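Here the protein sequences line up with chains A and B, keeping their order.
Under my numbering, residues 3 to 218 are what the first sequence spells out, in order.
Under my numbering, residues 70 to 305 are what the second sequence spells out, in order.
Source of the hints: derived by calculation from the structure; they are not laboratory data.
Just to be clear, a hint being listed does not mean it is correct.
[Said to hold, decoys possible] Subject to a maximum C-alpha distance of 20 Å in a straight line, what follows is the list of computed SDA-like cross-link-like pairs (lysine to any residue): (1) K192(A) to G172(A); (2) K42(A) to Y161(B); (3) K145(A) to L91(B); (4) K42(A) to G168(B); (5) K161(A) to R132(A).
As the structure is a prediction and not an experimental result, all values here were calculated from the model.
Residue strings, one per chain:
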Amino acid sequence: MLGQSITKNSLILGGFAVVTAGVLAFTFSLTADKIAEEEKRAATRALSEIMPAHLYDNDLLSNTREIPLEQQQLLGLEGDEKIYIATLNGQTTAIIVPMIAHDGYSGAIKLIAGIQKNGQITGVRVLSHRETPGLGDKIDINKNDWITTFDGKSLTRPKSERWAVKKDGGEFDQFTGATITPRAVVNRVKQTLTYFKKHRVQFFSQNDGNSSGQEN
Amino acid sequence: MNEYKEISFNGLWKNNPALVQLLGLCPLLAVSGSVVNALGLGLATLLVLVGSNISVSLIRNAVSDAVKLPAFVMIIASFTTCTELLMQAFTYELYQILGIFIPLIVTNCAILGRADAFACKNKLIPSILDGFAMGLGFMLVLVAIGAIREILGTGIIFGNMHLLFGEAARSWQISLFGENYKGFLIAILPPGAFLVTGLLIAVKNIIDAHMKKRAAAKSKSPATRSKRVRTTDNTA
């Protein structure tokens, strides 16, 4: 008797599992393409925001390079972030470097920066952060355009010792009530520029006559 | 007809999932920082609630009591995942903002509560209406909290609505206090969610008390209903 009811109940549950799995599979197959497309578009949008269109003619997403393990540390990275290579007519013109600032007010701040061949920044964006809403979150382009003050800057402009927030004697604004967040971002960008200066050869040396796009 | 009116009133006001039953507080407090977030999660919850009520009502005679709950959870989980996929496909940026709270709809007690307390004992039409009324009641509270927090915290309302309604909605944003409004920070921070929710509950209780007094004065007979309207009808 008991055995019978167990059999019956497990059949019912099994039936449910099959039906719900079917519904999920159906929805998934309906949306999979669209989701992949949206993800790609979002990623491209983030990249193209900091890379002026006249600097590249390739598909940034498919032209990436792994970052060697010993260099990841210099950028504060801990995962499988990649460097995106921008090329124009087959010549590398700029790269987009991922980086993470770990000394923010609340957790890691993920950033990307576009850097031209000559070391000039084309733009910096925050990808994700958990800074205090209303204070530290002004590093987000949606809240404030502070992050655009990096545009056009390089290691020599301003001079190295001026690469800091105003409170530390530098020339970058901090926010009212929030110094830690912009300080973390400014320092991280500066370190990344230093990294770029040291390792730029590996991106621009073998100035690729061969067509771009195949270096996944 | 009266029954339908009762069901709607129950979900929207008398037994409002957010203000009276205090169910689903986790998403309620976490994503009510702005109208667009609140509306996005509210709509998703509404969709799942109606869907789960429909299916639970349809299969209510086919499942035995022993496997009732796992079956309901399976239904709710699959509706939630479908909603998640759809949001990812059509409102990708909003999906990114709401993040973990979309899959967490599964754990919103309001949904399992309605499946167990109402849909599995009632016919299809009342169950749909109940899911709709409860979901709408939840969404309205969520949006109200979102609006209050957004206004106090940032001085604007309907910001970023394009995440949900497309580019045309970008211009819906209204700045209420001008450019120099500094923002009442605590409203956006987590404590603000508790404060605003508490205030809304208080306001509801005041209105209830007021209406009861009026009703009592009208009929001249003393009210026989229980003093607190905090019932959760037939939930266990």
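Verification of the supplied hints:
1. K192(A) to G172(A): With Cα atoms ~12 Å apart, K192(A) and G172(A) stay inside 20 Å; holds.
2. K42(A) to Y161(B): holds (11 Å)
3. K145(A) to L91(B): Since the Cα atoms of K145(A) and L91(B) sit roughly 32 Å apart, the hinted pair is violated (cutoff 20 Å).
4. K42(A) to G168(B): Since the Cα atoms of K42(A) and G168(B) sit roughly 18 Å apart, the hinted pair holds (cutoff 20 Å).
5. K161(A) to R132(A): Violated: K161(A) and R132(A) sit about 30 Å apart, past 20 Å.
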